[in-house]
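Enquirer: In order, the protein sequences belong to chains B and U.
One point on numbering: in my numbering, the residue at position 248 of the first sequence is 248, and numbering is uninterrupted.
One point on numbering: in my numbering, the residue at position 3 of the second sequence is 266, and numbering is uninterrupted.
Please keep in mind that the hints were generated in silico from the structure rather than gathered at the bench.
A hint or two may mislead.
Think about it this way: if two alpha-carbon atoms lie no more than 20 Å apart in a straight line, the pair counts; the simulated EDC-like pairs of lysine to aspartate or glutamate are [to be verified]: (1) B:K121 <-> U:E433; (2) U:K384 <-> B:E96; (3) U:K384 <-> B:D92; (4) U:K384 <-> U:E394; (5) B:K121 <-> B:E185; (6) B:K121 <-> B:E131; (7) B:K121 <-> U:E394; (8) U:K384 <-> U:D355.
So these bits of chain U aren't anywhere near chain B, every CB distance computed over 10 Å [said to hold, decoys possible]: (9) R339; (10) P411; (11) V414; (12) R426; (13) Y450; (14) R451; (15) R469.
Bear in mind the structure is a predicted one, so any value in this text is a computation, not a measurement.
The beta-carbon is built from N, C-alpha and C at its ideal position, and this holds for glycine as well.
2 protein chains.
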Amino acid sequence: MLEELFFEPLTPGVLPATFGEVSAGHLAVIDGDNLGVMHPDGQGELGDARSACAGHRIGREGGTVTMGTRDLGARRDAAATIKKAALSLFSDVGYEAASMRQIAAAVGNQPASLYNHYPSKEEILWAICEEAMLTLITRGQEAAASSPDPVEQLRAFVRQHIRFHIDHREEARVINQQMTRLGRERYRQVTAMRDDYERSLRRILRRGARRGRFHVPDYRMASYAILAIGMHVSVWYRPDGPSPASAVVRHHEQLALQLAGTR
Amino acid sequence: MLEELFFEPLTPGVLPATFGEVSAGHLAVIDGDNLGVMHPDGQGELGDARSACAGHRIGREGGTVTMGTRDLGARRDAAATIKKAALSLFSDVGYEAASMRQIAAAVGNQPASLYNHYPSKEEILWAICEEAMLTLITRGQEAAASSPDPVEQLRAFVRQHIRFHIDHREEARVINQQMTRLGRERYRQVTAMRDDYERSLRRILRRGARRGRFHVPDYRMASYAILAIGMHVSVWYRPDGPSPASAVVRHHEQLALQLAGTR
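Build out the structure end to end from the sequences listed, making use of the hints.
Expert: Right under this line is the structure:
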């Protein structure tokens, strides 16, 4: 039942804006990245806490726990809509040229209302990067665990990697071209996630090489090469192009296996 | 002797600015991309034409032939200095964020003087793209002609491709990330040059596959993949990194040969 307390996963990228100070007497409950609010009288009595918080929006900004009364589902949808509009704009005109005003116009809002969801344009870029990288990391780990055979692991890894870069071309292009526009700390976080993803692939290559299945001159360069091939798919692939997505995925599985010197 | 009349090769990227209308009575002499100015009395008498033009700067803007008195060598150096400063700025802060004012400041000039060399920021980006693409096209063709053996051709192609992306990291990053900021016509020209370069590689792969030396599922995807690997080198390579440039080039030769299923 505890999870009912946790209204919304809080990640650094989707830190909600402040709606007002938490009422004195409320407690913040933090569970991993999740944050909840409880009435202290209701501590351990979840029913009380739940009723105290029902319909409230809770959040955290810096060290301040905040609470509001907006509808959570609608808010989440609005943030997703803003992120989607921003993604198209970043992809079309570039991050620097896209203004919060243009993003607001694209979703039919006033610029001020955007700041209720994202304190800055950088936070939207960060939210885009973070969501994409978390998806890749998860799928990369699943691929690495999908079979005891490193060759099958590499196949699965490349399959999800190419699939992602076909299905999320805009995200991929924005991340690859514009992540350098993030502030120092956000940039460090994205590159750390990217490194994490890359290590999944490098481990597959190393494991296969040790068993004599792969032959690569340098694990790091080979994994960079495989990742780069996928990133480039997001640049050239067109849904109305000559090759259907399934063929692109299949051909890239073969190219990656060959690149790894599979035997 | 005729070539003495042609002060400076004119390419779309380095169209000189107008210094003043050509004096009535001068003729423009156009030889390929080169443009000269002649006194009509001296037509055919090159000595006269040369003396009429000595020390003069000639150019073309749109349909207007123009002439000036600035020193050509100094002018060319100034344009190269501006391009270099712009490249660093585009690479550091992005094309959109870099202003002609900042570029001027970086070379210690007034913004107005920049416009004598480049009519717009886009022209500087274009000059960067064009120079890089012409270099790649030339070297790619040389690689394709370097040996009768497609495997050796692929080696040579990859060697120059990786070498370029190590030696010209800023250019490569700016082109790959920011060429979409060019206007429609310039963008079309760059992509046409890029396609030209890619075809050199694809022909090598096709030639080798026909002779049974390569095994690739799709020529286009295989050549995109090899190009992408090199482009990514310009992102991750650092002169102070763990692998010296020569090792990076050597390892990538092997990766590309493996990717092509060389036998």
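Enquirer: Of the hints given before, which are not true for this structure?
Expert: As far as the earlier hints go, 1, 7 are violated by this structure, in ascending order.
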